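Each residue of the sequence shown is one higher than the last, beginning at 1165 in my numbering.
One or more of the hints may lead you astray.
Unchecked claim - Distance ranges between label pairs, derived from CB positions:
#: 1; residue 1: Gln1246; residue 2: Ala1187; range: 36 to 44 angstroms
#: 2; residue 1: Asp1264; residue 2: Gly1208; range: 39 to 47 angstroms
#: 3; residue 1: Ile1199; residue 2: Gly1287; range: 19 to 27 angstroms
#: 4; residue 1: Arg1205; residue 2: Glu1349; range: 25 to 33 angstroms
#: 5; residue 1: Ala1348; residue 2: Asp1240; range: 19 to 27 angstroms
#: 6; residue 1: Arg1205; residue 2: Asn1360; range: 21 to 29 angstroms
#: 7; residue 1: Ala1190; residue 2: Ala1282; range: 27 to 35 angstroms
#: 8; residue 1: Arg1354; residue 2: Ile1315; range: 39 to 47 angstroms
#: 9; residue 1: Gln1206; residue 2: Ile1315; range: 43 to 51 angstroms
#: 10; residue 1: Ser1291; residue 2: Ala1348; range: 29 to 37 angstroms
#: 11; residue 1: Ala1359; residue 2: Glu1298; range: 22 to 30 angstroms
#: 12; residue 1: Gln1206; residue 2: Asp1240; range: 12 to 20 angstroms
#: 13; residue 1: Leu1295; residue 2: Asn1360; range: 17 to 25 angstroms
No lab work stands behind these hints: they were computed from the structure. Being a predicted model, the structure only gives us computed values, none of them experimental. Glycine included, each C-beta is placed from N, C-alpha and C at the ideal position.
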Amino acid sequence: SNLSMWDTGTDGSFSGTYAMKLATRAKAGSIALAIKRLTFRQLGPIRLEAYFTFKPEASELVLSETDVRAIGVLFDLQHPDQHAHPERVMPHIRYLNAQDGKQVATWQYKAERETLHAIGGSGKTQSHFHLAPEGWRELAGGRQLLCYNEIATKQNWHYWRLDFDLATMSFQRLQCNDRLFDLAEAVPMRMSAMANLW
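Please construct the entire structure, taking both the sequences and the accompanying hints into account.
Take a look at the structure:
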């Protein structure tokens, strides 16, 4: 996407000629998800770093600053097959922008998983709705107001970084713009390793 819009034609990407755009339906509770599945070479620290922006698709000249509920990232990890006590670990971090039309503006993590359900009829595969709106916990000191432009069709880009340690399967650091957040009490969602994921 080049972040095209009806007002200026295009807002363009932060850098280069392309910006990944996740579009949801204009309906409360809609979710868009981009997935990239990677394996790892060694158990050690990893970093996900990006510039992001968010706002509803502008169809009229109104601010709409509470129309986007949340934006976030998750990892879906599993210990290697030779690990003594293999687990599936799913670190989730999100920025809860608004809920029920009211601004919240806080960073959250999710520690408990939803109920597992068998899918596919083979008995080999289970799933759970880990993006459910329930069960999120606020990071200590996690409130942060992000820049939101007064013009409905302009984007504001934010720097974002998440550090995670694969050896300990633990959060290390979260940064958004100039703010560093303490992740000492944030724990990722954990469950028994799933045999069909190796």
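We went through each hint and held it up to the structure:
no.: 1; hint: Gln1246 <-> Ala1187: 36 to 44 angstroms; in the structure: holds (41 angstroms)
no.: 2; hint: Asp1264 <-> Gly1208: 39 to 47 angstroms; in the structure: holds (41 angstroms)
no.: 3; hint: Ile1199 <-> Gly1287: 19 to 27 angstroms; in the structure: holds (24 angstroms)
no.: 4; hint: Arg1205 <-> Glu1349: 25 to 33 angstroms; in the structure: holds (30 angstroms)
no.: 5; hint: Ala1348 <-> Asp1240: 19 to 27 angstroms; in the structure: holds (23 angstroms)
no.: 6; hint: Arg1205 <-> Asn1360: 21 to 29 angstroms; in the structure: holds (23 angstroms)
no.: 7; hint: Ala1190 <-> Ala1282: 27 to 35 angstroms; in the structure: holds (33 angstroms)
no.: 8; hint: Arg1354 <-> Ile1315: 39 to 47 angstroms; in the structure: holds (43 angstroms)
no.: 9; hint: Gln1206 <-> Ile1315: 43 to 51 angstroms; in the structure: holds (46 angstroms)
no.: 10; hint: Ser1291 <-> Ala1348: 29 to 37 angstroms; in the structure: holds (31 angstroms)
no.: 11; hint: Ala1359 <-> Glu1298: 22 to 30 angstroms; in the structure: holds (28 angstroms)
no.: 12; hint: Gln1206 <-> Asp1240: 12 to 20 angstroms; in the structure: holds (18 angstroms)
no.: 13; hint: Leu1295 <-> Asn1360: 17 to 25 angstroms; in the structure: holds (21 angstroms)
In terms of the numbered hints stated before, the structure departs from none.
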